[in-house]
Amino acid sequence: MSPSTDSDRFDPSTTLWRDGRPVYDRRDTVCVVGAGASGLAAVKNLREHGFGVDCYERETGVGGAWNWRHDRSPVYAGTHLISSRPLTEFPDFPMPDDWPDYPHHSQLLSYLERYADHFDLRPHVWFGTEVVRVEPADGASWDVTTRSAGGGGSERTHRYLAVVVANGHNWAPKMPSYDGLDEFRGRTMHASSYKDAKELRGRKVLVVGGGNTGCDIAVEAASAAARCWHSTRRGYWYLPKYLLGRPTDQVNDRLLAARLPLRARQWLAARTLRLTVGDQTRFGLPAPDHRVYETHPLTNSQLIYHLGHGTITPVPDVRRFHRTTVELTDGREIDPDLVVFATGYLPRFEFLAPDLLDADEHGRPTLYLHAFPRQHPTLAVAGLLQPDSGLFPLVHWQTVLIARWLRLRDRDVTRAAAFWSRASAEAGRRYGRARVKDSTRHWFEVSHVDYLRALQRALDELTPATAGSAR
Amino acid sequence: MTAPVRVVRLRDWADPVPPARREVLTATPETPAPDKPPLLFVPGFGHGAWVFAEHWLEHAAERGFAAHAVSPRGHGGSDPAPRATLRAYAHDVVQAAAVLPRQAVLVGHGAGALVVAHALARYPARAGVLCAPVFGGWPTLGLALRRNPFGTLPAAFGGAVRLHRRQLFSRELPDEVARAHTARLGRASARAQWQLLRGRPPEHPVGDPPILVVGSPDDRVVPRAALDRVARRYGGAPLLFPGMGHDLMLDARWREPVDAILDWLEKGDH
Numbered sequence: 000m001s002p003s004t005d006s007d008r009f010d011p012s013t014t015l016w017r018d019g020r021p022v023y024d025r026r027d028t029v030c031v032v033g034a035g036a037s038g039l040a041a042v043k044n045l046r047e048h049g050f051g052v053d054c055y056e057r058e059t060g061v062g063g064a065w066n067w068r069h070d071r072s073p074v075y076a077g078t079h080l081i082s083s084r085p086l087t088e089f090p091d092f093p094m095p096d097d098w099p100d101y102p103h104h105s106q107l108l109s110y111l112e113r114y115a116d117h118f119d120l121r122p123h124v125w126f127g128t129e130v131v132r133v134e135p136a137d138g139a140s141w142d143v144t145t146r147s148a149g150g151g152g153s154e155r156t157h158r159y160l161a162v163v164v165a166n167g168h169n170w171a172p173k174m175p176s177y178d179g180l181d182e183f184r185g186r187t188m189h190a191s192s193y194k195d196a197k198e199l200r201g202r203k204v205l206v207v208g209g210g211n212t213g214c215d216i217a218v219e220a221a222s223a224a225a226r227c228w229h230s231t232r233r234g235y236w237y238l239p240k241y242l243l244g245r246p247t248d249q250v251n252d253r254l255l256a257a258r259l260p261l262r263a264r265q266w267l268a269a270r271t272l273r274l275t276v277g278d279q280t281r282f283g284l285p286a287p288d289h290r291v292y293e294t295h296p297l298t299n300s301q302l303i304y305h306l307g308h309g310t311i312t313p314v315p316d317v318r319r320f321h322r323t324t325v326e327l328t329d330g331r332e333i334d335p336d337l338v339v340f341a342t343g344y345l346p347r348f349e350f351l352a353p354d355l356l357d358a359d360e361h362g363r364p365t366l367y368l369h370a371f372p373r374q375h376p377t378l379a380v381a382g383l384l385q386p387d388s389g390l391f392p393l394v395h396w397q398t399v400l401i402a403r404w405l406r407l408r409d410r411d412v413t414r415a416a417a418f419w420s421r422a423s424a425e426a427g428r429r430y431g432r433a434r435v436k437d438s439t440r441h442w443f444e445v446s447h448v449d450y451l452r453a454l455q456r457a458l459d460e461l462t463p464a465t466a467g468s469a470r
Numbered sequence: 000m001t002a003p004v005r006v007v008r009l010r011d012w013a014d015p016v017p018p019a020r021r022e023v024l025t026a027t028p029e030t031p032a033p034d035k036p037p038l039l040f041v042p043g044f045g046h047g048a049w050v051f052a053e054h055w056l057e058h059a060a061e062r063g064f065a066a067h068a069v070s071p072r073g074h075g076g077s078d079p080a081p082r083a084t085l086r087a088y089a090h091d092v093v094q095a096a097a098v099l100p101r102q103a104v105l106v107g108h109g110a111g112a113l114v115v116a117h118a119l120a121r122y123p124a125r126a127g128v129l130c131a132p133v134f135g136g137w138p139t140l141g142l143a144l145r146r147n148p149f150g151t152l153p154a155a156f157g158g159a160v161r162l163h164r165r166q167l168f169s170r171e172l173p174d175e176v177a178r179a180h181t182a183r184l185g186r187a188s189a190r191a192q193w194q195l196l197r198g199r200p201p202e203h204p205v206g207d208p209p210i211l212v213v214g215s216p217d218d219r220v221v222p223r224a225a226l227d228r229v230a231r232r233y234g235g236a237p238l239l240f241p242g243m244g245h246d247l248m249l250d251a252r253w254r255e256p257v258d259a260i261l262d263w264l265e266k267g268d269h
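Protein chains in written order, with numbering that gives the first Met the number 0: chain A, 0 to 470; chain B, 0 to 269.
Calculated from the structure, these hints are not laboratory results. Virtual Cβ for every residue (Gly too), placed ideally from N, Cα, C. Don't take every hint at face value.
[As the list claims (entries may be wrong)] If you want the ones that stay clear, here's a sample from chain A, every Cβ over 10 Å from chain B, calculated:
1. W67
2. L345
3. R373
[Said to hold, decoys possible] Computed footprint of chain A on chain B, listed as stretches where at least three residues anywhere in the stretch have a Cβ under 8 Å from a Cβ of chain A:
4. 4-15
5. 93-106
[Said to hold, decoys possible] So the derived label-pair ranges between C-beta atoms look like this:
6. A:A416 / B:T25: 16 to 24 Å
7. B:P79 / A:R270: 34 to 42 Å
8. B:F156 / A:D409: 50 to 58 Å
9. A:R270 / B:G158: 38 to 46 Å
10. B:A236 / A:R456: 31 to 39 Å
11. A:P135 / B:R199: 40 to 48 Å
12. B:R199 / A:H361: 40 to 48 Å
13. A:D409 / B:P81: 44 to 52 Å
14. A:E425 / B:R199: 30 to 38 Å
15. B:P153 / A:A424: 55 to 63 Å
16. A:D459 / B:P79: 36 to 44 Å
Take the sequences, apply the hints, and build the full model.
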């Protein structure tokens, strides 16, 4: 049930002023930006730790990227998970165990909607409201300015104890630039606006990008389109969704559980792939230039299959576009009439001044545990992670940590100061073995086990003061 | 003390519990009260959801609570599972809780209370109630051997624990009723029985729910000292119902403990 009017919730007697505009003081309430998976987890875990929460969501429903009705949602009709169910679900709210290993995106949405209803989160979400500005205010509090998402209506500013930013990182397309792209007569689109295989039917399609999205769309084009080229810059490891009869990520975690060192796991995985998939270069793909598990895994069982059928033609990087053709780096020219750029997304925080997140010259924030900026203990980012598993388990514990941290700050100043001085020294640390490539994205890749171990240490450090006293 | 919650759960990820068809019995109130959380009852080893369907489910529904009871795999009307572990039982409880429309209260009885304790580390329940909790360990075995050697010994060789009706019920319950109930008992898997003795302790409940321990000082399965120990683990004292047997929900005075539990839930605004 949503409150009927603002006045039910906001006490006008506590009005403050900022630059001649009224600021409604929400005192000990925490503001969460976004009601996607990360935002919902933040609302639930902050509530569980006794905080009042106002969550602002520009769309009219929960689910964020997983809600196909949202105009910023990147999902297309055929999207399935690429991590298996146990590595994807929230650790305290499992998906039904009779669901498939790799559920469809519509199941993910219904899961998130049930999560919101089960924990009664919707009354705390202001739908159709977008955040315009988040600015620091007195005593580590924050002024959050919102307006209705349609663009009309006046702006309102509320003051909050803390702000958790969960606005997602898969909605702002990263578009590559190529010479001659302007004069190209064929259609071009970013993968974010690709919705259905219908759009590919009968077309000659070039898919640019070797990420998971690029591979998925190439596979869809292989069945639907008249022709499909798949352009990748480098050689990757293509992991099938099943290995040795189990979901691949579960096999990897079984080896981790057996405490096999990374090198041994890499050798075993490479060996198994060699025995089952064989030599990738036979299919015309470049040989991987790195070891398995060194970059975000590509999970796709069908790509190799379609390469073997000749329904996907692997091609190298694009050099430039001409009027009707595309020139590749090996000198070949191809003539697609539709080019899909599966070139990824960029995290964007337009409502925050870049220095608040300690952003470097490339706009990459410097955060402790990918969540806490050094200078602002009451500001946190949730879900800015690209794990080699599902995101939800990580973002769950991350938001538990945020809630416990805010509690500790409130209860025990000396211990909070000790924690913070250690934490801020660790800002910018990376949690995984991904090699730093010249990419705007790899910097927030994490290995789920390394990252969760670091979270566990931080949680254990914060726990004694809150245990038993939270209620 | 309970162990801290583990964040890295390689076992759960690499080797998830396989699905099983679970029996869930339900009693719904005629006029649902929006402020009352759903209840999920979990029977002990050898028992099924039916033990709660006898009296407690209907009674809770009459007082406005949506009441459900789940049979863990291998129990009651659920799929057989001769090799199930405690982890699988706790999984069944969490699965049953997560499909309820709202955050549930978990109520476990006997070894089902230990299953609930494990489930509480995987699901942030509104509250937890542990009735005549059997948390296992060697003293439990010692007591069972003294009270009922022939019913207990076979378990050491993978057989079933056979509980005698005088362990389960007070003398107030008519003999033929007690016999009929005892005849309906099944068994837990041998692995789960062993884990009762030597399993790892449950992790700390997630979300810090309030926990109530209920029992009887005249229980012939759970000694008073064990009740106190479990209650202390969760920072409280047990609520006692003298003169009752182990199976509080089937015994002659079944109404008293369930009323006390529902009163506690209503009063505490859980």
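Checklist entry - What hint numbers does the structure not satisfy? => result 6
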